[in-house]
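A.B. asks: Sequence:
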Amino acid sequence: MFPHSRIAAATASLLIAGAFFISPGSSTQAWAETSSACAAEGTNLAVLASPVVPWKGAPLRVIFAAEKAAQGELSLIAPDGSVAVKSSKPHGGPPYFWIAEVATPVAGTWHAKFVRDRAVSGCETVTREIAVRAERPQKPGTVAGSVWPVHDTWDRATENLYSAWIEKLFDASLDAPPSWKALHEVLRDRSRNFLFDYLGLGEDEMGMVFHPDCADMPYFLRAYFAFKLGLPFGYSRCSRGTATKAPTCPQWFNIESVEAARQPPQQSASAEPAADAAAAEPAPAKRLSLAASFGKYINVIGDAVHSGSGRTAAADSSTDYYPVALTQAALRPGTIYADPFGHILMLTKRVAQTDHSAGVFLAADAQPDGTVAIKRFWRGNFLFAQDNTTGPGFKRFRPVVRERNGAMRRLTNSQIASSAQYGNYSAEQSKMTAEAFYDRMDDVMSPAPLDPSRAMKEVIAALDEQAQARVTSVENGRKYLDSGRGVATMPEGAAIFETTGAWEDFATPSRDLRLLIAIDVVRGFPDRVARRPDRYAMPAGRSVADVKGELQSALASELAARKFTYTRSDGSSWTLTVKDVIDRAPALEMAYNVNDCVELRWGATANSDEAATCKRHAPEAQRARMTKYRPWFHERRRPARGARGV
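Take the sequence shown: its position 97, counted from the start at 1, is 154 in this note's numbering, and no numbers get skipped.
If you are wondering where the hints come from, they were derived from the structure by calculation, not from laboratory data.
Be aware that a few hints might be false.
Said to hold, decoys possible - Distance condition first, Cα-Cα at most 27 Å in a straight line; then the derived BS3-like pairs of lysine-lysine:
| no. | residue 1 | residue 2 |
| --- | --- | --- |
| 1 | K605 | K636 |
| 2 | K672 | K620 |
| 3 | K620 | K536 |
| 4 | K238 | K620 |
| 5 | K672 | K536 |
| 6 | K605 | K620 |
| 7 | K196 | K113 |
| 8 | K672 | K685 |
| 9 | K113 | K143 |
| 10 | K302 | K196 |
| 11 | K620 | K636 |
| 12 | K353 | K238 |
| 13 | K353 | K196 |
| 14 | K238 | K536 |
| 15 | K125 | K143 |
| 16 | K113 | K146 |
| 17 | K636 | K672 |
| 18 | K302 | K488 |
| 19 | K302 | K685 |
| 20 | K620 | K514 |
| 21 | K125 | K146 |
| 22 | K636 | K514 |
All chains should be built: construct the whole structure from the sequences, respecting the hints.
C.D. replies: This is the structure we're talking about:
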C-alpha cells in the first residue's frame, strides 16, 4: 500500500522558517495551516520528494513549486550536514519551480531547504526532512475495486506539481524544439521525468508502450500523474458532435467504476452514447500487478476518448475539461487547446517576453502515427473559430473529488469558479471572434509592444517549424508505401479528417489545412501590423504605410533564407525553402493523400527534376474525390461533419 500522503511519503514534516511545524497530511492542509504572514507572500509552496519512499538505491529528487514568482535557492543537505547539491535556477511561470537531485543518496535524514530572497521576515526559509532508508522499501500493491489506490486530493498544490512535471517532461529550446517517435520515449527519459520509477516498481522500465493520438495524450499524462501520486481520475465517453450540436459526454467513469475496465462498444461519428448503457459483468480474471493494471487501463482510456472530448461547449459541466481565462496565470503547463476542427495540443511552457524577443507559449501534440512534437503558439498551429458545434479554446482538466461517502465526482463549472483552490473557470473564449482571440493571445504572450520586423521573423520561424514537422509525417507515409501493405483506403466526404487506420496514421488533410492557414498568416503579416499598429513598437519617423512596405519587401528574402530537406521516393534528398512552401500553396491543397509519392505531396511540378523520382500516384477515383473536396482547402474551411463535398 501507499503511505497516507505525499508529505508522509517521505516521512517528513514541513517547517516554515525552520520553526513553524505542519503536521503530516494532504498538501491542502499544509497550505491552510501556514502562518498568515507567510500565506500573504502568495508563493504557497508545494513540495514533492521522489521516489515515494526514498532509499539509498534510487536517486533522490525534490521539487519545490510556488504559485507566484520568487527568487531563491534549493539545497539538499546530507545527514552529515554537508550540502550535496544546490539549485538556484527557477523554472516555469506560473507555477515556478526548483528541482534538485542526488544520484546516490546515503541512508539517513536529509534536509531539503529552500531559501527565498526578499521574503517577509520569518518566511525566508522552508525546510523539509526526508528519511532515506538503507534497505529497499516494500513495494506498493493493488487494492480491490480500484485501478490504483487513492490517498491524496487534487488541489492547487497538486495542480502546481502537475504543471511543473509537464514542463520538465517536455522542456524544450525555441531554437531546436525536440520531437519523439512515441510518448513512452519521453516518459522513459529519467532526465525529463522526475516521477521515473516513483513507486519503486520498475514501472517505467517494464516496456509499457504509449502511442496516443492528439486527443489521447492529455488523458494519458493526467492518468500517469494521478497513478503515481494516488489521485482520483476519470474519463468521459463523449459524442463527436453533429453539424448543429457540440459534443456531449453523458457517461463518466472513474478508476473505481466496474465499467472502466472494459472497452465500450464503438459509437458512430455522430451518435450520442446512451446515458443508461449497461454491459454484462466481465469474466473473472487474474488480478494484475499495480503497474500492469495501469498499463491495461491506459488502453481502455485510449479506446474511449477522442477529439470530441475536448470540443465540448463552454457552459457544459458534464465534461472532462472546463474553459479558463486567457491570462498568464491561467494558461499553465497541462492546459489543453481544443481547436474546432478536431486537433488537441497541450501547453508545456511559457517563455516570457524580453527586450529582444516576443513571449511564446510552447505546446506538445501527438499525431496519429504516434509521434510527439513541440509546437509554438501561433495562428498556424492553434486554429480558432466560433460556431454552434464546438467549444474551442484553452481548457483544463476538471478536478475529480471524493465525497464523504467515498464516491468520486467532478466539480461543476460554478463550483470551480467559486473554489479557493481553483477559481479559474471562464467562458470568455466562447464569446470571442477569431480576431479578438488572437489579439488577446498576443497581449498575453507579449504585454509590451513588439518590434514589427522581429515579430515577422518569429512568425516565419513558426511556419518553418510547421513545415519541418510535416517532413516527419510525409516520411512516415513514404515508409508505409514502401512496406508493401497496399493502398490506404480513402474515406469519403468530411470523414477524411476523422477516421481510423492507415489513412488516419499517414495522410495529412488536417495538418495540411493548418499549414495552408499558416501560409496565409505569414503572407498577411504586414497587413496585420497595419491593422493594429498600437501593438507594435513602430520605428520613429516611419508611417504605418512605410513600415508595411518595408515588411513586404523583407518577407520574400526571409522566407528564402530558411531551408529544409525531405527524402524523395528513391531515398535521395531534396531541399526546399519556406518560400517554396508558400509559392506551392495551390499544389498543397491536393497534397495530403498518403497514396501519392512524396514529391507530389510536397507540390513538385510535373516533369521537373524534383518530380523525376515519383513512381506512385493515388488511384484515379481518390484523385477525383480530392478534386471534389479541394474547395475546403482552397477556402481554408473545415467541412461540417457528415458533409459529402461540393
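A.B. asks: Against each hint, give a clear statement of whether it holds in the structure.
C.D. replies: Here is what the structure says about each hint:
no. : hint         : in the structure
1   : K605 to K636 : holds (19 Å)
2   : K672 to K620 : holds (25 Å)
3   : K620 to K536 : holds (23 Å)
4   : K238 to K620 : holds (23 Å)
5   : K672 to K536 : holds (14 Å)
6   : K605 to K620 : holds (25 Å)
7   : K196 to K113 : holds (15 Å)
8   : K672 to K685 : holds (24 Å)
9   : K113 to K143 : holds (19 Å)
10  : K302 to K196 : violated (48 Å)
11  : K620 to K636 : holds (9 Å)
12  : K353 to K238 : holds (21 Å)
13  : K353 to K196 : holds (19 Å)
14  : K238 to K536 : holds (14 Å)
15  : K125 to K143 : holds (21 Å)
16  : K113 to K146 : holds (26 Å)
17  : K636 to K672 : holds (26 Å)
18  : K302 to K488 : holds (17 Å)
19  : K302 to K685 : holds (26 Å)
20  : K620 to K514 : holds (14 Å)
21  : K125 to K146 : holds (15 Å)
22  : K636 to K514 : holds (13 Å)
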